[in-house]
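Place chain C on chain D using the hints.
Letter by letter, the chains look like this.
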Amino acid sequence: MPTAEVSPISPPSAKAQQSAINDFTIQVATVNGSGSQTANTVLMRALFQMGIPVSGKNLFPSNIAGLPTWFTSRASKRGYIGRKKEIDFLVAMNAETAQEDVLKLDPGAAVVYDEPLKLNALRSDLNFYPVPFDKLVGPVCPEPRLRKLVRNMIYDGVLARLLGIEMDEVRKALLKQFGARKAKAADLNWGAVEAGYDFAERNLPKTDPFSVRRMNATAGKIIIDGNAACALGAMFAGVTVVTWYPITPSSSLVESLIGYLKRFRIDKETGKATYAVVQGEDELASIGMVLGAAWAGARSMTATSGPGISLMSEFTGLGYYADIPAVVVDVQRVGPSTGLPTRTMQGDLVSTALLSHGDTKHPMFFPSSPRECYSMMIDAFDLAERFQTPVFVMSDLDLGMNNWMSDAFPYPEKPIERGKVLSAEDLARMGGFARYRDVDGDGVGYRTLPGTNHPAAAYFTRGSGHNDRAGYSEREDDYMNNMDRLARKFESIRGHLPAPHLDLNSRAHVGVVCAGTSRYATEESRDQLREEYGFETSYLRLKAYPFGEDLIDFVRRHERVYVIDQNRDAQLLLLMRLEFEPELIAKLRSVRYYGGLPLDARTVTDEIVRQEGL
Amino acid sequence: MSTTTAPPKKTNRIGLEVASYKGGRTTLCAGCGHNAISERIIECFYEMGIEPWSVAKFSGIGCSSKSPAYFLNMAHGFNSVHGRAPSIATGAILANRHLFGITVSGDGDTASIGIGQFIHMLRRNIRQVYIIENNGVYGLTKGQFSATADIGAKLKTGAVNDLTPIDCCVQAIQLGATLVARSFSGDKRQLQAILKAAIAHHGLSIIDVISPCVTFNDHEGSTKSYAYMKEHDEPLQELDFVPAFSDITVEIPEGEVREITLHDGSRLLLKKLGRDYDPTDRMNALRTLYETEAAGHVATGILYLDSTRRHFIDHLNLVDEPLGTQPESKTRPPREALDQIMEELR
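Those protein sequence lines, which keep their order, are chains D and C. Per my numbering, residue 1 is the first one in the first sequence, and the count goes up by one each step. Per my numbering, residue 1 is the first one in the second sequence, and the count goes up by one each step.
It should be emphasised that the hints constitute simulated quantities derived from the structure, not laboratory data. A few of these clues could be false.
Stated by the list, open to error - Lysine-lysine pairs mimicking DSBU-like chemistry, simulated, CA-CA at most 35 Å apart:
id, chain 1, residue 1, chain 2, residue 2
1, D, Lys-361, C, Lys-142
2, C, Lys-330, D, Lys-182
3, D, Lys-262, D, Lys-206
4, D, Lys-184, D, Lys-206
5, D, Lys-221, C, Lys-142
6, C, Lys-142, C, Lys-154
7, D, Lys-420, C, Lys-22
8, D, Lys-414, C, Lys-330
9, D, Lys-262, C, Lys-154
10, D, Lys-172, D, Lys-77
11, D, Lys-118, D, Lys-85
12, D, Lys-176, C, Lys-330
Unchecked claim - Over 12 Å on every C-beta distance to chain D, these chain C residues come out as not near it, computed from the model:
id, residue
13, Pro-8
14, Lys-10
15, Ser-59
16, Ala-92
17, Gln-117
18, Gly-152
19, Gly-158
20, Val-242
21, Glu-328
22, Gln-340
23, Glu-344
Note that beta-carbon positions come from the ideal geometry of N, C-alpha and C, so glycine has one too.
Extracted from the complex, chain D is given alone in its bound form (with noise of 0.2 Å):
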């Protein structure tokens, strides 16, 4: 009998009862290519649907088939969806990690594990509930090439049971999962859910203090995924041509805005396409591209990895000083070189900030949520094109590739902005331009498309030196008058980036500041340390560089400020450096974390104690 293997454990702490309901981490340890995503999709949606606020992260190798893999779903009443540390319910499926995964719990977890694994013999301070999934597959999958597939829903039924998540809405979970054109897969999967959920309850008394209850914390929210955010943000942006090479973890960018374009973007008179996506041979061509389309009227972009940053390096110094907008979405990953190309990292901060050769500077945006990755996108374009520059949008893979919990994405109220250009009416009224005069005082020249039908529309643009008239031009005072234009150009588009989310204690002596999906772990840790340590911390959010006089105030009114930086070399710290005066770059303090996961609350808060001797 099952039941009989279950350990016996040391008794739950009163505190671990009080936060076990809705407050918990499942994770689940599979092998990469075993199928087992519907099955962590459909535990991930549930939760949603019972109004439980929910995060799922997905830690895979790079490979398609046969590593390990771990899906994690927190569960959290009081809202906190960054990565925890601590596994409270692990599902153990993949034999080659089952020791290690259940040896790394805390005390009290629980496991559910597949029978034969026998990992009720490692310890005897956690909840055991083997479940013997072979034997479980068999009746509900006749067709044996399929098991291997339904034989994960199993666990989400055994869950369903042990936690008490409301199979109405495991079932209605997993029909949105497979939509109505694959019902019979719906079915056959619902029957392994049903199958764990019968076996749980006849064998596996309930042992452990985890548990959920319906919530409404979730009502109109959308589950979505980064990437996706992006692609929407693109597409109603009006964004006219895409140009992409594939990398791990911007690809599924791409992939769903072509999605998103085919259905959205067909013309309804001709049945034409109003956009263009082209598969480049490199990122070097399609950062190429995007300039080239983007010279000639487009509104284009491009997404990548940091690899493909550092391609786009010498493209992008161009576009620069060549006046030449253009959008590109760095998905971050841990580099450097291939790095860990499936693991998450804010490490391409400093160099895309001042990406090329020569004095460049580039700005970029910080999207911390999917709301932000397609509101920025939208203002990314806006941007790029009223200052005609390349404009980065630094998402990462933990953003772009796991599905969150997300407010719905507003309408975009404001027209479209496209900037400073002349058309043939306009020429024929003033007669001509100089491309690179700065008659606004913005920094930002007037320019032409090529094929305006007008004979003053021509100019000749080169990344070699020129004049205000665009003309090919070694002087010296020419050279200059350019790059101080393309510095008060910078200057001005620090006037125009969202300013950052603030949050002052009139209490604390301390700051933190952080930027994109730094902000769940750093919003959990101010909650921590006030509730564990007494310590309270006033907070600011940036959303996008260069940094503004927000950014500096914050820091003069702090004894300290804590910057925390998913990368070794505290690059968000060093941007701040470079334009700060001494006294502000002494008030400084560096949090770091880099091993390839995202930021948890713990290691924050952990930091923060020990440089304050709390």
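The following block gives chain C in isolation, referenced to the frame of chain D:
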């Protein structure tokens, strides 16, 4: 006393003088083959009556790539980065499918640093005229071998090339260009006919023009010198181009001339010289290039022409108006679209 009136200025079919097709003063060496090519471009666009503002000029880096500044001042130009003009041109043509693209590159720009972009441009059959001003050396960096230098060719320093040359025309024929030609900057008549055919062609035209570098590669022992070309040039046919708008009737001697009608209705007349050459036969084109090279000759003329293959933009099913200038009503889906997507994600 007689009064003189200035003769009416000569204009083309759209009423523009040749001056409207000129560019800035060249800064290349006197006698450089590239300058002759710029002259041919000016003449051909003028004679074909192409609106200069509908043209977009592209180039990479090198002596050749400077030359778009020396023709068609009324056309937008883009002197980009080394070897990467194809991607810039591709992007621009995606944004505005009605742009008339012309790229001028060199042998270093195309066959070395730019070989990747060159090859993928061939595969896409981007509609533009792509000229390789081929002199076998890097000029701007003072005379190093390029990847088109022939085996045994000698530099001024006495260094001899031992490496296999890349024949851009062979690549072009194999990989999807639909008009492939080779010419010599010193052969005005042939180059004019080829250029006009390329202007009339709806697809990618690759024109490899042997264009001697008078400073670094015009000496004894060079295989890209004026003297070498005058001796080894083997034209495959005598070319005549009859534009679609011309009402001149051309008498064609029977059996001696092939006639090919181009996309815009223009006609290309290919008069037989030594051999009977069919430029629509891809295998024969490649064989001829190998054979003439082995014999120490440089085959010039229209090497290959395929008027049937669709070009890249046709494959993309794009709206007719340029993508770049579509109104917001066409590029931003309506509110209901977002509502629908949000509902699916709930």
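Taken at face value, is the distance from the CA of Lys-182/D to the CA of Lys-330/C at most 35 Å?
holds (34 Å)
Chain D versus Pro-8/C - minimum CB to CB distance exceeding 12 Å, so not interface
holds (20 Å)
Is it correct that the beta-carbon of Glu-328/C has no partner in chain D closer than or equal to 12 Å?
At roughly 5 Å from the nearest Cβ of chain D, Glu-328/C sits no farther out than 12 Å, so the non-interface label is violated.
Are all C-beta atoms of chain D more than 12 Å from that of Gly-152/C?
holds (33 Å)
Is the Cβ of Gly-158/C farther than 12 Å from every Cβ of chain D?
Correct as stated: the minimum Cβ-Cβ distance to chain D is 33 Å, above 12 Å.
Holds or violated: is the Cβ of Val-242/C farther than 12 Å from all Cβ atoms of chain D?
holds (28 Å)
12 Å cut-off, C-beta based - Gln-117/C kept clear of every residue in chain D
violated (6 Å)
Checking the smallest CB distance to chain D, is Gln-340/C really beyond 12 Å?
Given a closest Cβ separation of 9 Å, the condition is violated.
Compute the least Cβ-Cβ separation between Glu-344/C and chain D, then decide whether it is above 12 Å.
Check fails; 9 Å does not lie beyond 12 Å.
Restraint check for Lys-414/D with Lys-330/C, where alpha carbons must lie at most 35 Å apart:
The given pair, whose Cα atoms are some 16 Å apart, holds under the 35 Å limit.
Quickly compare the C-alpha distance for Lys-420/D and Lys-22/C to 35 Å and report which way the hint goes.
holds (28 Å)
Going straight from one Cα to the other, do Lys-361/D and Lys-142/C come out at no more than 35 Å?
holds (33 Å)
The structure fails hints 3, 5, 9, 15, 16, 17, 21, 22 and 23 (numbered hints given earlier, in ascending order).
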